[in-house]
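Participant: Take the sequence shown: its position 105, counting from 1, is numbered 105 in UniProt numbering, and each next residue is one higher.
Misleading hints may appear alongside valid ones.
[Stated by the list, open to error] Taking lysine-lysine pairs in the PhoX-like style, the calculated list, with each CA pair at most 20 angstroms apart, reads: (1) K195 / K635; (2) K635 / K199; (3) K199 / K636; (4) K636 / K78; (5) K195 / K636; (6) K78 / K635.
[Stated by the list, open to error] For each label pair, taking beta carbons as the anchor points, the in silico distance ranges come out as: (7) N272 / A142: 50 to 58 angstroms; (8) D319 / A413: 17 to 25 angstroms; (9) S622 / G110: 22 to 30 angstroms; (10) A276 / R109: 44 to 52 angstroms; (11) G638 / Q369: 18 to 26 angstroms; (12) D196 / E92: 15 to 23 angstroms.
Hint data in this document are derived by calculation from the structure and do not stem from the laboratory. C-beta: ideal position from N, C-alpha, C; glycine also.
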Amino acid sequence: MTAQDVRTVADPDDISSNPSGNATFREVAQARMSRRSVIRGGTVVAAAGFLGAGVGTGTAAAAPERHGGSKPRPLGFKAVPAGTADAIAVPEGYTAQVLIPWGTPLHSRGPQWRKDASNTAAEQAAQVGMHHDGMSFFPLGAGPLGSRQGLLVLNHEYVDQVLLFPDGDAQMTKAKVDKALAAHGVTIAKVVQGKDGWKLADSRYNRRVTGSTPVTFSGPVGPDHPALQAENPPMGTLNNCSNGQTPWGTYLACEENWNGYFGTTDAAWKPNAQQARYGVAANSGYRWHTVDPRFDVAVNPNEINRFGWVVEIDPFDPDSTPVKRTALGRIKHEGATVTESRGRIVVYTGDDQDGEYVYKFVGSAPWRQLRALRRSPLDHGTLYVAKFNDDGSGEWLPLKHGTGPLTEANGWADQADVLLRTREAADAVGATKLDRPEWVAVHPDNKDVYLTLTNGSGWNNAVNPRKPNPYGHIVRWRERGGDNTALTFEWDIFLLAGDPEYDPRVELAAEDVFGSPDGLGFDRAGRLWIQTDVSNSVQNRPDRQHDNIGNNQMLVADPGTGEIRRFLVGPRGCEVTGFAMTPDQRTLFVNIQHPGEATPFWGAAPTPQNPNAVSSWPDHDSASRPRSATVVIRKKDGGVIGT
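Using the sequences plus the hints, can you model the full thing?
Facilitator: Rendered as structure tokens:
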């Protein structure tokens, strides 16, 4: 996901802060290719393995082997062509409706959106936040009613300070910091379907969790841990990227690029090893530390330890306090994908920076038993990190104090220390570096696991087979015995993204090329939905080999047949992200993040005087500015999405 308000330079996520000598996925992938010598157009195919053919062209691949539990689900729509319009494009027979854009009041009597961005911090805290990202739909009611009304819970990853304030970000003030904090976090909103589509409804459930909301901590790094003590009480969640949804009905928000909010003007300050491993530096792109000591790492060094966690929110209890679940580790969490195996929960999470790792948390006991004992299933279990081997096997390495190198003799005080320094712990046990691990999706039938690696600078191993890797790819694996709690797995490469005009290893049809897969989710029928986040620095540019790809988009793949089609194209400068469906699969919610972001292809950048320089979506009003928003997609005949 996009890292911060730095719009025309390299994405900070593309710059590794991992100095370890651990093997990289690209080294492993290349070794595996050499060993097996079975490659179809750049997609590794297991000669005798579990996966069969990866995704190929826009029509069904020739006689692929279907992996267990997956049946072909025909994609019943005509692919949308790539495009560069400042609009949403969906297939013929579908409609796209804008819902709850940034600034929408959460209650009918709440503060109204001001086109000039002059809303105050207090007003912003009562409105939908900025830059929508991961999202879940929680039904309100059983049966058909639960598909017509529910709670839409969505993250707000970051803010564009040029668009957030009437005068942009030229001069930072405490009032601006307060408003920016109010624009971050999470929105809980009741939405209902009526005759004219979906709309926001007044409800006691409607609320915001912001960068200033009181929070608490649970797990090995508890609220009284010395590393969490600071001048101010614990509050806020920032840079919430993707998300998760628990079987007991709570929402998981994931703190990603939290390091970018902290800095200092103290010339004598130097990051310690832990801070450096997380990319903490004196210069912050937001510059909040210049006016708010909460974000000054020299003045308030423990505040930063309060970020980098998975945050559990109860959308059905407006009075509940968000809880940061520390047993899931402290990294740049892209998401927290929850599945269940033998009654125990398993949570997969990627650390979204070049050269980082993918993790999973396995509950210690069936979650219903733990909840019956009034214990959180997210507090009791073991965190693991993945190692990919060049023979197509893999293993999960425990990040458990007293195990392997994670001992007191080696400088690890206790389990809390391991979790506060999760990246260093993963380095120590020998995890495999990846090309920016992003979203994880678990197949609803066979429980195969899919991971997007959005792009990378070049690690040259089996699981990262291209150096450099400007387009990204998707890896999939099957846990031993189809049990997601297992500690070994078989892996393969599901697809290489890109454009075959520039990379002959890519096996996509010309009409379905795409780059930088990011968002990922399965529907109940087993169709895999892929969302893209091509960097604004390369978007649509021939000199960067992206001229055929168009704006960011969403595609659908059938893992059983190898078929893939483009389903949606977003407006200019945006990222397509967030994936949620109603239980009847007849309404799809998708988020459009940062439309109008500065993009060299368009030759202009938004300014306070001209915020619509790249895009005016969704309002298309010269007096307004581009706004992130949720898009509701339905078939005109009311049918199931994707059929």
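Participant: Would you mind marking each hint as holding or not holding in the structure?
Facilitator: Structure-based check of each hint:
Straight-line distance between C-alpha atoms of K195 and K635 comes to about 14 angstroms, which keeps the hinted pair within the 20 angstroms bound. Restraint check for K635 and K199: the C-alpha separation of about 17 angstroms stays at or below 20 angstroms, so the hint holds. Under the criterion of a C-alpha separation no larger than 20 angstroms, the hint pairing K199 with K636 is consistent with the structure, at around 17 angstroms. Proximity of K636 to K78 is assessed by CA-CA distance (about 15 angstroms); at most 20 angstroms being required, the pair is judged to hold.
Of the pairs offered as hints, the one joining K195 and K636 holds, with about 13 angstroms between alpha carbons and a cut-off of 20 angstroms not exceeded. Distance check on the hinted pair: K78 and K635 sit about 13 angstroms apart at the alpha-carbon level, within 20 angstroms; holds. With their beta carbons about 53 angstroms apart, N272 and A142 fall inside the hinted range of 50 to 58 angstroms. Checked against the hint of 17 to 25 angstroms, the pair D319 and A413 fails, with Cβ atoms roughly 36 angstroms apart.
Look at S622 against G110: about 26 angstroms separates their beta carbons, and that is inside 22 to 30 angstroms. Range check, A276 to R109: Cβ separation about 49 angstroms, and the 44 to 52 angstroms hint holds. Between G638 and Q369 the C-beta distance comes to about 41 angstroms, which lies outside the given range of 18 to 26 angstroms. D196 and E92 have their C-beta atoms about 22 angstroms apart, which keeps the hinted 15 to 23 angstroms range intact.
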